[in-house]
Every structure is written in structure tokens, then in C-alpha cells.
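**Q** Protein sequence lines, in the order shown, are assigned to chains A and B.
Quick note: the working numbering has the first sequence finishing at residue 458, numbered continuously throughout.
Quick note: the working numbering has the second sequence finishing at residue 458, numbered continuously throughout.
Simulated from the structure, these hints should not be mistaken for laboratory data.
By construction, the Cβ of each residue, glycine as well, lies at the ideal position given by its N, Cα and C atoms.
One should not assume that every hint holds.
Derived DEER-like restraints, expressed as beta-carbon distance ranges [as the list claims (entries may be wrong)]:
no.	chain 1	residue 1	chain 2	residue 2	range
1	B	Asn283	A	Ala458	37 to 45 Å
2	A	Phe304	B	Lys397	51 to 59 Å
3	A	Val410	B	Leu202	24 to 32 Å
4	A	Asn69	B	Asp425	50 to 58 Å
5	A	Asn398	B	Asn159	54 to 62 Å
6	B	Lys427	A	Lys216	27 to 35 Å
7	A	Asn398	B	Leu202	49 to 57 Å
8	A	Asp70	B	Arg274	31 to 39 Å
Listed next, the in silico PhoX-like pairs over lysine-lysine satisfying Cα-Cα at most 25 Å (straight line) [to be verified]:
no.	chain 1	residue 1	chain 2	residue 2
9	A	Lys242	A	Lys320
10	A	Lys212	B	Lys441
11	A	Lys111	B	Lys216
12	B	Lys320	B	Lys330
13	B	Lys287	A	Lys111
14	B	Lys320	B	Lys37
15	B	Lys331	B	Lys37
16	A	Lys277	B	Lys111
17	A	Lys331	A	Lys368
18	A	Lys287	A	Lys313
19	B	Lys306	B	Lys277
20	A	Lys204	B	Lys204
21	A	Lys317	A	Lys306
22	B	Lys423	A	Lys204
23	A	Lys111	A	Lys158
24	B	Lys212	A	Lys441
25	A	Lys216	B	Lys111
26	B	Lys204	A	Lys423
27	B	Lys277	B	Lys204
28	B	Lys313	B	Lys330
29	B	Lys302	B	Lys262
30	B	Lys331	B	Lys306
31	B	Lys204	A	Lys427
32	B	Lys262	B	Lys322
33	A	Lys144	A	Lys393
34	A	Lys204	A	Lys423
35	B	Lys212	B	Lys313
36	B	Lys204	A	Lys441
37	B	Lys212	B	Lys34
38	B	Lys74	A	Lys216
39	A	Lys111	B	Lys212
40	A	Lys320	A	Lys331
Protein chains: 2
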Amino acid sequence: MNDNVGIDDMEVHIPKLYVDMLNEFAPKRGIDPKKLKYGIGITEMSVPDSYEDSATMAAMAILKLIERNDIDPKDIGRIYVGTETGLDHSKPNAAYILGMLESKLGRYSLKNCGALDLKFACASTSYGIHDSLNWIRTEQNRGKCGIIVATDISRYDKNTAAEYTQGAGAVAILIREKPRLMSIERPVGICTKDEPDFFRPLHKDAAVVDGKRSNKCYLEAMEEATLDYTNAATSMGFLHVKEYETVLDHIDYMLFHIPYPKMAEYASTFILRRLWKNTPIWNGIEKEIGKRPNRGDFASNKEFEKADHLHRKKLSKTMKFKEFFDSKIKKGLEFSSRIGNIYTGSLYLGAYSTLVHEISEGNDVTGKKFGFGSYGSGLTAMVFRGVVESTWKEVVKNFDLRNRLNERTVIGVESYEELHEGKRDHKNSILKPENEFALVKIGSGPLDEGYRSYEFIA
Amino acid sequence: MNDNVGIDDMEVHIPKLYVDMLNEFAPKRGIDPKKLKYGIGITEMSVPDSYEDSATMAAMAILKLIERNDIDPKDIGRIYVGTETGLDHSKPNAAYILGMLESKLGRYSLKNCGALDLKFACASTSYGIHDSLNWIRTEQNRGKCGIIVATDISRYDKNTAAEYTQGAGAVAILIREKPRLMSIERPVGICTKDEPDFFRPLHKDAAVVDGKRSNKCYLEAMEEATLDYTNAATSMGFLHVKEYETVLDHIDYMLFHIPYPKMAEYASTFILRRLWKNTPIWNGIEKEIGKRPNRGDFASNKEFEKADHLHRKKLSKTMKFKEFFDSKIKKGLEFSSRIGNIYTGSLYLGAYSTLVHEISEGNDVTGKKFGFGSYGSGLTAMVFRGVVESTWKEVVKNFDLRNRLNERTVIGVESYEELHEGKRDHKNSILKPENEFALVKIGSGPLDEGYRSYEFIA
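One chain only, chain A, in its complex shape:
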């Protein structure tokens, strides 16, 4: 078995349009901008133009990855797509994406490439990464690389509390043996439950979400998956947690799924309280913030949950927590706060963000361990670990998303609403597509009703 496998490179594609959430969206919706900036952690929101969709964003991210690495299409053995923004019930986004790529790379240049769409809310990409790593580990790949792309547009009804957590973007991940960026270890921890916290029925463009329930589901599933990961990694010989240590002592950066940046803080307090409980650290913290509330001491569940939330809030203000948060979490949040929720890609956008921070600050992260905490509503959670390779800088020096974010076009709430409500079709976009794939036709004949056609517009 070839176990030296992992992420060789990554590319992020985001729409050129965005809304300024603090100076434009908040006042127009009558929301305190501070709530968005500090309560949620959002300052800007990516908005796809009317010629963009989940397939164009993914194709753009992959094309850039292929071009930058000068990959011969014949050496690509699979393109897997993690998405909950499918464009057809039967035909996967992967086929549309492959068609776009071949229009640039040569017809049938990807004819022996596997392709598949994966679906489980925001977690599918994580499954695709592991299944593709195993495809290389078993040498079923015949020396070829694999690409997994996460692509989504998060969309909620207007004037709901979820509206300001929307976003759009794609993250393409190049999987290879002897990866230059980060090897990924085999142990995986999982938690799956059938929960109605978030879903999008077939007749709706916008998701149905019970925000409070979804937060609770997320936190409990992340905790359970972390415990399962600890068992898996310990039994497989990848982890040795000593007495008074926790698994987080063996992780240098903890990446969570980021529906909005503040959620990463909630996840951290929730998990740390559980993990620190049996360590000497907790004695000091208990002195500072008191014991964790006990359900039996409260008349109702609601009262208990309020007190419990307050206890976690107090934990988040302690020095110990801040130290943990600033060193292991915070650097992963920058891009999400400027893009919004990109669903399946958000976890990987966090890894990208962390790496950009560290290279900008001149830090060497060789050998550092990234903990990935994937969450998909409905629900499934997955925890695993990656180790940064010594060649990481060669790769990360090309991560130019920060520049591209600064070059975007700002739009007002009126334009955003036209796009959100489908009042502009692909022929009537806000910007003209330029140097990118664009939707150019949706069929309406008996044999092409609803079929989508794309072109690369120079």
C-alpha cells in the first residue's frame, strides 16, 4: 500500500460580485452592522452573477489548478464533485464540468477520467477526499492524480436570519501521491444521525433551516466524531494521547466547517469543555468561570441551555481559550468572513486561509498537524488529520485569493436581490463574463428541455 498521499495543491474560485455587508446590507435590512461583524463574523458576501452556477465555479477552480500545475489531462484519473447545488437529478455537475474543461483542454482529453457527484450537505467533499486517497493508496489510479472539487451556492429566503450567511464559491483539491502540500492520514472519525436541522426539498431554491437546532446538531456531532477519531487514530497507531493530554494537543490547527466564522468559536468552546474536563487546565478554568451547569439544577431544558450557553461564553473569554483560539483556529476564518458560506468548500477554504496567513507572516509550518472537522447537516460529521509537507511554500506562494477578493466588484442590495430572485437570466448578467466559463443556454426543445450549455468566454 502506498500511504504517502494527500493534497498536492488547492485552488479557490469565487464570483466577481460581492455585497458589502456592513455598510450596505446591514443598514438596508435594518440590522446592526456590529451584529454581522462580531456576532456572526461576516463583512462581505459573494454573489454569483446570472451566467455563473455551481458547475462554472467548479470548472474555473479546476482549470486554474490544471494550468498552474501544467497537468496533462490524460494524467487526471478522476474528477469528483462535492455539492448540494446540483443542476440535474441524473446528470452530475461532474459531467458538465468535464465538458467545459475539454472545451479548453481538447475534446476527449478526459475520456478515461472517472467522474461523480457526491451529496451530503456540507460534508460530501470530505468523503470524496478520503475515497480518492484510498484509490491512490491501492494503486487503482494507475499513476494518475485525482481532483475533488467542492462547489456550492448557499441560498436562503430574503429577510430571514440566514440570509446574511449566504455565499458562493468552489475549492478544487489536487490529490496525489508524494503530495507537496499536506499528507492526509488514514484514520477517520465519523458521526451520522438522521436529523431535520437543515435541508432543501426538491421544489425549493432556498434551504429550510432551523438555525438553533442545526447549531446544536453541529456541536454534538463534532464532539462525537472527535471521540470516534480518537479511537480510530489510537487503534491504528497514529495517535498516542497521554494522561492529562487531549487529542487537541496533537493538532496544531483545528479547521471546522464554517457556515459563519463565529460558529468555529462555538465549536471550539463546546469541544474543549468536553476534552479539557479531565485535564489540569480545567481546574484553573473552573475557578475562573464556575462549574458546568447541571441539567438537574434547572426547572426546564430551556433554562439549562441558556445557562450552559452562558458558561461556554465565559469559557470563550478566558486567557486559556483565547490562546487556543488565536493559535489554532483564528487564521482559518479570514476568507469565510469575506465570502460567506460556501457549504462543502468552507472547511477547505479554512485550510487555505490558514496557510496564506502563515506564509504571509513568515512562519514555517512544516510538520504541523491540521485537524479537519467536517460537518454536513442532516447529518454527518467527519474528523481527520493532515500533516504539512516541507515543500508547502512552493505551493502556497501561488495562493492569490486575497488579491482577487480585493479586485471584486461591489453591488448594492437591489442588484443582489435581482440575482437572488432570478430576475436576471444568463443573457442579462451584471458583468459580462470575461476569461471564464459561462452558462450560455438552457434548452427548451423536446430533447433539450432544461439542458445547460456552457462556453469559455475570452
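Assemble chain B onto chain A, guided by the hints.
**A** Then chain B, alone, in the frame of chain A:
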């Protein structure tokens, strides 16, 4: 690497209702029953009742598999679902299915089980099988088994040529190391192209299909995937095709995706003509049916294709072909002719059918090689090989689908149309659900709009 992996057991679930295609459907639609029986190969069509959907059928198939094999839910490491009949854009069928199973097996009994939906028309299940085999090969499974379930309802508009190729069913496949039924080899051949032969846009219940184009796509993709398989298997040391041999000399049963049984014959003639071309067999056949038509000898592509089709038809009448077809193909077609097209599951229903035939006829298939030819419109094709284990009879003796097919309830075209057009909701089904999972509610409130609830009805 643990490479002794494969299919340990299989279970098929089909609806209790069916339409008699020869005595009921054909006369009501004014079609010659002979066209259905001989031209297409269909005699009966499975119809899901209004309390059934792609999730209930899958849950039923898995439940039977678990109960028959007395599997502890804690020993199930993943449930992957291949489907193009998804029930939500974000929440996978896998989560609904897991919820149903836990209602029988115990709450949270599957809490550490991975779950995912896979989509690429009728081919996704094949991807799921290989990715799950690799998960075991790399020991990422921690000793657990995996289940892949194919589940679909094929649906076309009324009064179209595709209407009589509809069907419904689920096939659950138990993946394990040291499989009792069939080991699956690592080499995989693939062909993928972006084609509009068949798709189902988001606003439609029925697929859009260009039948003629889809047949052509299927045949060419199958041929390309077979060549890619030959390359893969040869280079990986699994296949040694000698001079004057073809890869089909190394396959005892060839299973194809079966949209309708006659398609397997088309696929065979198309591939054999290509493969036999350089073997001594072809000399005899050419003497009998003439040379393959040459495009240059025809004024139009249409005329050429007509002649080419006729040539393949002549091939299908030769003794050599009949010998091949009867021994390597025909036994796989029985159940499809009585159920219809079950999309992702149809290839595996063909394997099941073949095994049932051989055990009924008292033949020992130990060591026999099954060639799998998976096809998904849009398009992707995958070819690989399985080898029957000596313990196969222990498993196949429990394959009781033939009995269950005989116990179904026949319905008339009027009842079928009520179901097809959604005139009956889950509360107004034709049969009362009995000893099975049933849809019991579709939510309509602000937090459960479109959410589906299921129960096991004793």
C-alpha cells in the same frame, strides 16, 4: 494492503405492484405485445405504490440484508447510496435511510457509520462499490463492513416510447473482506464524456431522453471502457490476453447495464464485432454475414448507420453469437424483463439473476469470472471483473426474488396512471403498507416544508 475483498451478499427489494405489459399495457396503448416481449424484452413493470420512494425501497433492501446476515449495526462502517432519484437537494437519501434503519435496529446504533449519496445516472453504484472496496483494502474500515445500495424509480412521460421501459427497485450490496460471494478485482476501465443523451432537469419528474442517441452513446462508451479495462488489467497483471484471444475469453458472464433486456444484445454485438475483428472467429462470421459496412461507401451517415445496424443484426443471428449470448449474457436478463429499468441497480440485478439461474440449474460457478459493464448516461462507463468464491451457494441459496415476483399484485393501466401522475398521495395508496417502511408525512410548516417522515408499518 488487504486485497481479498468483494461482494459478500446482495438483496433486492421491489415494489409489490406491477403492470402486465403484454396483456394489459400493450393493448391499452395500442402497441403490439410482440414488440415489448421480443423487440424490447419486457413482460412486466414494477410500479411503486404512493407510500414508497427511493429511500423506502433502499431501506427495505438493507434491512433484509442486515437481518439475514445477523449483522450488528455497530459493525457497519458505511452506507453509500447510488441514486438518480434523490429526495432533497442537500439531505441525502442515505440519511433518511439511516433514520429508518435505526428505527428498527436501535436509535444511534449507526452513529459512527459513514453515509453518502452518489450521482451519475445509472453508474454511480459502481463507483461506490470500488471506493468502498478500497476503503477496506486500506483498512480504513477498522474491520467493519460496508453497504452500497442502488435505488431508483425510472419515470418517463406518458405515451412516450420510453414509458414501457420504466421500473423501480433497490439492490443492496454487502461489501466485506473475505467475501463469501464474489471477490472484485482492482483494475477498472473507464470512459467519460459530456453528452446530452439522457438527463432530468430539476423541474421535471420524468427524464428527458434521446433514445437513439443514448443507445449510440452507451455502445461507444462501453467499447471505450472495455479497451481501457483491458489496458488497466493487463498493466496491473490481472489479465494476459494472448494472440487471437479477446478480453471476453477471460470473462465467463458479461453483465451490462439493462435499460431494457434487448440492450444487452445490442451491446454484445457492438463490442464483439470490435473485439472479434482480429481473431480467426471473424473470418467465418464475415463469410456468413459480409464485411462491416464502410462509412465511405454511403451517401449519408443515416444510410451508413442503417446498414451498420443491419450488419449487427445479422451478427446476432449467427451461431457463434448465439453461443456467446446464451452462455455469457442471457441468464442475467430474467429479472429485468419482469421489473423494468431500475437504473443504478440494473447491472447488479443482472448479476443476481445470473447467480439464481446457475444455482437453479445445479451448475457450480466457483471461480467463474463476471465482467461488469456499467453505463450511466451523460455519460460515464465502467468495466471491471469479479471472481465467484467457492462459498457462493451458501449465499445464493437465499436469493428468493423469483418467488417474490410471483407473489406481487397486478394493477391495471388506470391505477398505474393514478400513481404515475401523482394523483394518489401516501395516505391514499393502493395497498396498505405491511411489514415495510412507508412514507407517512411530508411536512408543510416553516421548519419542515417538504421534509419526509417514515415509519415501519408492521
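**Q** Confirm or reject each hint.
**A** Comparing the hints with the structure gives:
Take asparagine 283/B and alanine 458/A: their Cβ atoms lie about 53 Å apart, and the range 37 to 45 Å is violated. Range check, phenylalanine 304/A to lysine 397/B: about 55 Å between beta-carbon atoms, so the 51 to 59 Å window is met. Range check, valine 410/A to leucine 202/B: about 31 Å between beta-carbon atoms, so the 24 to 32 Å window is met. At roughly 53 Å, the beta carbons of asparagine 69/A and aspartate 425/B sit within the given window of 50 to 58 Å.
Restraint check, asparagine 398/A to asparagine 159/B: a C-beta distance of roughly 56 Å satisfies the suggested window 54 to 62 Å. Between lysine 427/B and lysine 216/A, the C-beta spacing of about 32 Å keeps the proposed range 27 to 35 Å intact. Between asparagine 398/A and leucine 202/B the Cβ separation comes to about 36 Å, which falls outside the hinted range of 49 to 57 Å. A hinted range of 31 to 39 Å for the beta carbons of aspartate 70/A and arginine 274/B is consistent with their spacing of about 35 Å.
Annotation: proposed proximity of lysine 242/A to lysine 320/A holds, straight-line Cα distance about 20 Å (limit 25 Å). The hinted pair formed by lysine 212/A and lysine 441/B meets the criterion: a straight-line CA distance of about 23 Å does not exceed 25 Å. A hinted pair counts as satisfied when its Cα atoms are at most 25 Å apart, and lysine 111/A with lysine 216/B qualifies at roughly 16 Å. The suggested pairing of lysine 320/B with lysine 330/B holds, with an alpha-carbon distance near 14 Å, which does not exceed 25 Å.
This hinted pair does not check out: lysine 287/B and lysine 111/A have alpha carbons roughly 35 Å apart, beyond 25 Å. A threshold of 25 Å between alpha carbons decides the hint, and for lysine 320/B with lysine 37/B the separation of about 24 Å falls inside it, so the pair holds. Distance restraint check for lysine 331/B and lysine 37/B: the Cα-Cα separation of roughly 16 Å lies within the 25 Å cut-off, and the hinted pair is therefore satisfied. For the proposed pair lysine 277/A and lysine 111/B, the alpha carbon gap of about 23 Å is at most 25 Å, so the pair holds.
Distance restraint check for lysine 331/A and lysine 368/A: the Cα-Cα separation of roughly 14 Å lies within the 25 Å cut-off, and the hinted pair is therefore satisfied. Using a Cα cut-off of 25 Å, the hinted pair lysine 287/A and lysine 313/A holds, with the two alpha carbons roughly 15 Å apart. At roughly 20 Å between alpha-carbon atoms, lysine 306/B and lysine 277/B fall within 25 Å of each other, so this suggested pair holds. Between lysine 204/A and lysine 204/B the CA atoms are separated by roughly 13 Å; this keeps the pair inside 25 Å, and the hint holds.
Between lysine 317/A and lysine 306/A the alpha-carbon distance is near 17 Å, which keeps this suggested pair within the 25 Å criterion. Restraint check for lysine 423/B and lysine 204/A: satisfied, since their Cα atoms lie roughly 21 Å apart, inside the 25 Å limit. Proposed proximity of lysine 111/A and lysine 158/A is contradicted: the alpha carbons are some 42 Å apart, above 25 Å. Restraint check for lysine 212/B and lysine 441/A: satisfied, since their Cα atoms lie roughly 23 Å apart, inside the 25 Å limit.
Taking the CA atoms of lysine 216/A and lysine 111/B, the gap is near 16 Å; set against the 25 Å cutoff, the hint holds. About 21 Å separates the Cα atoms of lysine 204/B and lysine 423/A, which keeps this hinted pair within 25 Å; it holds. As the CA atoms of lysine 277/B and lysine 204/B are separated by approximately 43 Å, the hinted pair breaks the 25 Å bound. For the given pair, lysine 313/B sits about 17 Å from lysine 330/B by alpha-carbon distance, which is consistent with the 25 Å threshold.
Note on lysine 302/B and lysine 262/B: the hinted pairing holds, with a Cα-Cα distance of about 22 Å set against a maximum of 25 Å. Of the supplied pair hints, the one linking lysine 331/B and lysine 306/B is violated, its CA atoms being roughly 29 Å apart against a limit of 25 Å. Of the supplied pair hints, the one linking lysine 204/B and lysine 427/A holds, its CA atoms being roughly 23 Å apart against a limit of 25 Å. Proposed proximity of lysine 262/B and lysine 322/B is supported: the alpha carbons are some 14 Å apart, at most 25 Å.
Between lysine 144/A and lysine 393/A, the direct Cα distance comes to roughly 23 Å. Compliance with the 25 Å bound is thereby established for this hinted pair. Restraint check: the Cα-Cα separation between lysine 204/A and lysine 423/A comes to about 16 Å, which is no more than 25 Å; the hinted pair holds. Between the alpha carbons of lysine 212/B and lysine 313/B the distance comes to roughly 16 Å, so the proposed pair stays at or under 25 Å and holds. For the hint pairing lysine 204/B with lysine 441/A, the CA-to-CA distance comes to about 18 Å; that is within 25 Å, so the pair holds.
For the given pair, lysine 212/B sits about 20 Å from lysine 34/B by alpha-carbon distance, which is consistent with the 25 Å threshold. Of the pairs offered as hints, the one joining lysine 74/B and lysine 216/A holds, with about 24 Å between alpha carbons and a cut-off of 25 Å not exceeded. With a CA separation close to 21 Å, the supplied pair lysine 111/A and lysine 212/B stays within the 25 Å bound. This hinted pair checks out: lysine 320/A and lysine 331/A have alpha carbons roughly 17 Å apart, not beyond 25 Å.
Hint compliance for this structure: hints 1, 7, 13, 23, 27 and 30 are broken, all remaining hints hold.
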